[in-house]
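Chemist: The lines below spell out each chain.
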Amino acid sequence: MLERIKEFFRRIPLLAILVLTSCLLSLAAFAAGTSVYASYPVDPVREPWLTALMEGLHDGVFPWSRPDAEEAETGTGPEETSDPAAGAAEEEPEAAPAEDGKEDEAPAGDGEQTGGEEETEGPEASEEEETETPPAEPEEPAGDADPYDMDPDVDPSPTGKPLPALPENVSAPVVGAEDFGNADPIFLSPEDTVYNSDTKGLFGRTGTTYSFRSVDDSYFETALFIGDSRTTGFAEYGGLRDRTSFLSRDSVTVYTLLDHKLQFRRPGSRAEERYLEDVLRETPYDKIYIAIGVNELGIPDTRLYYEKYRKIVTMIHQLQPEAILYLQGSMHVSRKVAKGSDTYNNTIIVQRNKAIATLANGRSVFYLDMNGAVCDDKGNLIESYSGDGIHLFASKYGLWADYLRSHAIVRE
Amino acid sequence: MVVFTSLEFIFRFLPVFVLLYWLTPEAYRMHVLFVGSLIFYASGAGFYVLLLVALTFFNYVMGRWIYVKPGRNIRKSRQDQRKGYLQAVLITDLAVLVFFKVMSLFSESFSIPLGLSFYLFKMVSYQIDLYRTDIAVMPGFADTAAYFCMFPQLTQGPIMRYGQGGLDGSYDRRFSLKKLEDGLEFFVMGLGMKVLLADRLAILWNDISKIGFDSISTPLAWLGAYGYSLRLYFDFWGYSMMAAGAAMMLGFPRIVNFEHPYAAGSISDFYRKWHMTLGSWFRDYVYIPLGGSRQGALMTARNLLIVWALTGFWHGGTFGFLLWGLVLGLLIIWEKLAVRGILERLPLLGHLHVLVLIPLTWVIFAIPDLSGIAMYFARLFPFFGMGEAAFSGDFIKYLARYLPFLLVSVLLCVPGVYRLVIRHRRRWISLLILTVIFWVSVYMSANAYLNPFMYFGF
Numbered sequence: 006m007l008e009r010i011k012e013f014f015r016r017i018p019l020l021a022i023l024v025l026t027s028c029l030l031s032l033a034a035f036a037a038g039t040s041v042y043a044s045y046p047v048d049p050v051r052e053p054w055l056t057a058l059m060e061g062l063h064d065g066v067f068p069w070s071r072p073d074a075e076e077a078e079t080g081t082g083p084e085e086t087s088d089p090a091a092g093a094a095e096e097e098p099e100a101a102p103a104e105d106g107k108e109d110e111a112p113a114g115d116g117e118q119t120g121g122e123e124e125t126e127g128p129e130a131s132e133e134e135e136t137e138t139p140p141a142e143p144e145e146p147a148g149d150a151d152p153y154d155m156d157p158d159v160d161p162s163p164t165g166k167p168l169p170a171l172p173e174n175v176s177a178p179v180v181g182a183e184d185f186g187n188a189d190p191i192f193l194s195p196e197d198t199v200y201n202s203d204t205k206g207l208f209g210r211t212g213t214t215y216s217f218r219s220v221d222d223s224y225f226e227t228a229l230f231i232g233d234s235r236t237t238g239f240a241e242y243g244g245l246r247d248r249t250s251f252l253s254r255d256s257v258t259v260y261t262l263l264d265h266k267l268q269f270r271r272p273g274s275r276a277e278e279r280y281l282e283d284v285l286r287e288t289p290y291d292k293i294y295i296a297i298g299v300n301e302l303g304i305p306d307t308r309l310y311y312e313k314y315r316k317i318v319t320m321i322h323q324l325q326p327e328a329i330l331y332l333q334g335s336m337h338v339s340r341k342v343a344k345g346s347d348t349y350n351n352t353i354i355v356q357r358n359k360a361i362a363t364l365a366n367g368r369s370v371f372y373l374d375m376n377g378a379v380c381d382d383k384g385n386l387i388e389s390y391s392g393d394g395i396h397l398f399a400s401k402y403g404l405w406a407d408y409l410r411s412h413a414i415v416r417e
Numbered sequence: 002m003v004v005f006t007s008l009e010f011i012f013r014f015l016p017v018f019v020l021l022y023w024l025t026p027e028a029y030r031m032h033v034l035f036v037g038s039l040i041f042y043a044s045g046a047g048f049y050v051l052l053l054v055a056l057t058f059f060n061y062v063m064g065r066w067i068y069v070k071p072g073r074n075i076r077k078s079r080q081d082q083r084k085g086y087l088q089a090v091l092i093t094d095l096a097v098l099v100f101f102k103v104m105s106l107f108s109e110s111f112s113i114p115l116g117l118s119f120y121l122f123k124m125v126s127y128q129i130d131l132y133r134t135d136i137a138v139m140p141g142f143a144d145t146a147a148y149f150c151m152f153p154q155l156t157q158g159p160i161m162r163y164g165q166g167g168l169d170g171s172y173d174r175r176f177s178l179k180k181l182e183d184g185l186e187f188f189v190m191g192l193g194m195k196v197l198l199a200d201r202l203a204i205l206w207n208d209i210s211k212i213g214f215d216s217i218s219t220p221l222a223w224l225g226a227y228g229y230s231l232r233l234y235f236d237f238w239g240y241s242m243m244a245a246g247a248a249m250m251l252g253f254p255r256i257v258n259f260e261h262p263y264a265a266g267s268i269s270d271f272y273r274k275w276h277m278t279l280g281s282w283f284r285d286y287v288y289i290p291l292g293g294s295r296q297g298a299l300m301t302a303r304n305l306l307i308v309w310a311l312t313g314f315w316h317g318g319t320f321g322f323l324l325w326g327l328v329l330g331l332l333i334i335w336e337k338l339a340v341r342g343i344l345e346r347l348p349l350l351g352h353l354h355v356l357v358l359i360p361l362t363w364v365i366f367a368i369p370d371l372s373g374i375a376m377y378f379a380r381l382f383p384f385f386g387m388g389e390a391a392f393s394g395d396f397i398k399y400l401a402r403y404l405p406f407l408l409v410s411v412l413l414c415v416p417g418v419y420r421l422v423i424r425h426r427r428r429w430i431s432l433l434i435l436t437v438i439f440w441v442s443v444y445m446s447a448n449a450y451l452n453p454f455m456y457f458g459f
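Residue numbers (this note's numbering), protein chains in the order written: chain S, 6 to 417; chain P, 2 to 459.
So here's chain S without its partners, still in its complex pose (with noise of 0.2 Å):
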């Protein structure tokens, strides 16, 4: 028997060592399957037991890994929304671990480093809104969590009322663009859904606000682009490579940003890799833009993603509460693409700008919206500006440049 066995084995050797191999791969994805690859669904007719196994390996999941561990981990990764009624499932346990880790994220500990003592800013922060004086940062309560850190779990809206609205020329209005009516609305969330956007605290609405003006190049010496491709791009072809620092990885998220280091380049050195946090609480800057959310396109949906980007932005503030934040919202796709694409659509992409737009408050929270300066009056991604619609040629990236020009905050 062993004879024939060896035998066997002689002959067909490759087929031997592929048919066992896939035998004990699916057996491991089968049997980790109910609680490992709970949120990898295969369809057994179609797909070998191994496909969870494989696509879990990508997002770092192992037939061995902790179930429970495991689900904060896959939250983060765009790759399980093949199935979006999965991904929704997951997505919602996500937000909890990361809520309970906020230590990680926005260390109390920093606030009082970096805050210092002039400027605070808080919920107490309603009196001096009232007198209209420059606002005041509030002292981080020390070994207390963060104040704006809300937990996505409670009412969406605290008030249940309309934000007031910002004057004119302080906040960028939102761009909208043609509707083909083929988002999958798993990635949407309900219109009228109200955004948390913490009306006393960092994103309170009243107080001195500041309109755009015009700058010139020296404005961004002291500037930091976070971002996706779409930041390398304009890092590497928008014409301030000599003069501002990047920090910017092909296929980030907001749910990726703080984990992987980023490439970060500075006028006169050499790239290098490096987490956002260090980068952060290295050298302060005056002004910071954030440019993410088209790789967030297939993640369920416009609140988590929503919710995730404020705490980043809640994390940048308290690591760096003298610079300007400006919240870009996302570049819109081409007609081609968006009609073409039920997720890389510019439907879904409207709404997420509009969500975080609501968090701009004209005092230190900015949102700019570049479309206008490049796509065509319904809001699609003029197709001669972009060879695959998603990003611009690289000759293109000066328009983004001069929107930002004519786009700055100055305060004296």
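Note that these hints are calculated values from the structure, not bench results.
C-beta atoms are modelled at their ideal positions from N, C-alpha and C, and glycine is treated no differently.
A couple of the hints might just be wrong.
[To be verified] Sample of chain P residues lacking proximity to chain S, with all beta carbon distances greater than 12 Å (derived):
hint, residue
1, E27
2, F100
3, G141
4, W223
5, Y227
6, V257
7, G266
8, L323
9, W335
10, K337
11, L338
12, L356
13, I374
14, F384
[Unchecked claim] Derived pair list, reagent style EDC-like, types lysine to aspartate or glutamate, alpha-carbon separation capped at 16 Å:
hint, chain 1, residue 1, chain 2, residue 2
15, P, K398, S, E277
16, S, K341, P, E109
17, P, K211, S, D255
18, P, K211, S, D393
19, P, K211, S, E388
20, P, K398, S, E278
21, S, K344, P, E109
22, P, K179, S, E12
23, P, K398, S, D255
24, S, K344, S, D393
[Stated by the list, open to error] Have a look at the derived ranges for each label pair, beta carbon to beta carbon:
hint, chain 1, residue 1, chain 2, residue 2, range
25, P, F320, S, N187, 29 to 37 Å
26, P, V287, S, L29, 50 to 58 Å
27, S, A276, P, L433, 30 to 38 Å
Using the hints, position chain P against chain S.
Modeler: Positioned in the frame of chain S, the structure of chain P alone reads:
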């Protein structure tokens, strides 16, 4: 399922089909292959499967009327009749091809049925081979239908001839473990070339298109041209090898579609080694019937231009492909009539000729519009003041990113390296490497399948 690199094909369709196929009594295997292939085709092409079935029946019936036993004297009237049938079937087959090619030019929503160019060329070769009495025994329906539709060759070739496939009894197609193992080895090698090399290098071209041709530096333009050349090669060679491997697992002989074209000593030699089943199709059914190279320089030039214009049209029918075909036709004419002697005396020059000119022709192949082609050439040869390198560090950036893939690709272009791999493929170290290649490819496929943008992370 219709894509060989999908997990559905690798883990579901292929193993299930191979098992069913070999469990079927020999007399019915071609029936199983025909029906299985139709299921395979329908999963990717939908209702176009009806067109395939209709063309299969039509070609089989016409073939029966054209067939005569070789070696017999054929009466004049019978010969005229056969000629009429041949003309009718060729006109029909080619009209279908031209109809879809032309329609797809005018309407974006109108796509060419999957694999049409490949299976119609098989049908045409089948009819001409019958007419020329190259097929000894009248093929039965199952053999014919299985030959036209066999799933390994249905979507991207190779354009196997009826006789080559051993369907006429010239090859022992009975089961053996060795065929299964050999087929699997080629399948895995092809899978690796496609997924681990071609699909990776494809991102380089994607990156360059994203930047815009007007803004790339000259070194990056050259890197792009070579990257694209290698990507196309491993994409097509890998896929052909997977097709050959799958067919071998069903007991068919190995069809070689590529034989180290980049090591060729001239451009005409390159195209004897690149997509060989297409090249030999044009040679046997167009070039030689037109007179080939036997009627003087002028006629040779004319015949070459016709063949290459048709080759361009076969690839797409757009002006860009036509231009690509004509440029190659002219290069080959120039080579044959003017520099042949020099290239033969100085083989190094011949290799350089291939290695510089072929990537340039692929640039024409890759870019759909004329202004894009012009801009790309202006960046390759930056003497015209068109465009500018917007970021001088681009070459280093992309070279660093793609260097490992480029190095492995270049290595595999060397015939000696490939032969070494084939010769030692049964050693345990090779088996280990093949196993790793298989599983890494599966890993990549599993994740690309879910998220087609994984390769193009923003």
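Chemist: For every hint, state whether the structure bears it out.
Modeler: Hint check results:
no., hint, in the structure
1, E27, "holds (21 Å)"
2, F100, "holds (26 Å)"
3, G141, "holds (31 Å)"
4, W223, "holds (18 Å)"
5, Y227, "holds (20 Å)"
6, V257, "holds (20 Å)"
7, G266, "holds (35 Å)"
8, L323, "holds (24 Å)"
9, W335, "holds (34 Å)"
10, K337, "holds (38 Å)"
11, L338, "holds (40 Å)"
12, L356, "holds (28 Å)"
13, I374, "holds (15 Å)"
14, F384, "holds (20 Å)"
15, P:K398 x S:E277, "holds (13 Å)"
16, S:K341 x P:E109, "holds (12 Å)"
17, P:K211 x S:D255, "holds (13 Å)"
18, P:K211 x S:D393, "holds (6 Å)"
19, P:K211 x S:E388, "holds (12 Å)"
20, P:K398 x S:E278, "holds (14 Å)"
21, S:K344 x P:E109, "holds (14 Å)"
22, P:K179 x S:E12, "holds (13 Å)"
23, P:K398 x S:D255, "holds (14 Å)"
24, S:K344 x S:D393, "holds (14 Å)"
25, P:F320 x S:N187: 29 to 37 Å, "holds (32 Å)"
26, P:V287 x S:L29: 50 to 58 Å, "holds (52 Å)"
27, S:A276 x P:L433: 30 to 38 Å, "holds (37 Å)"
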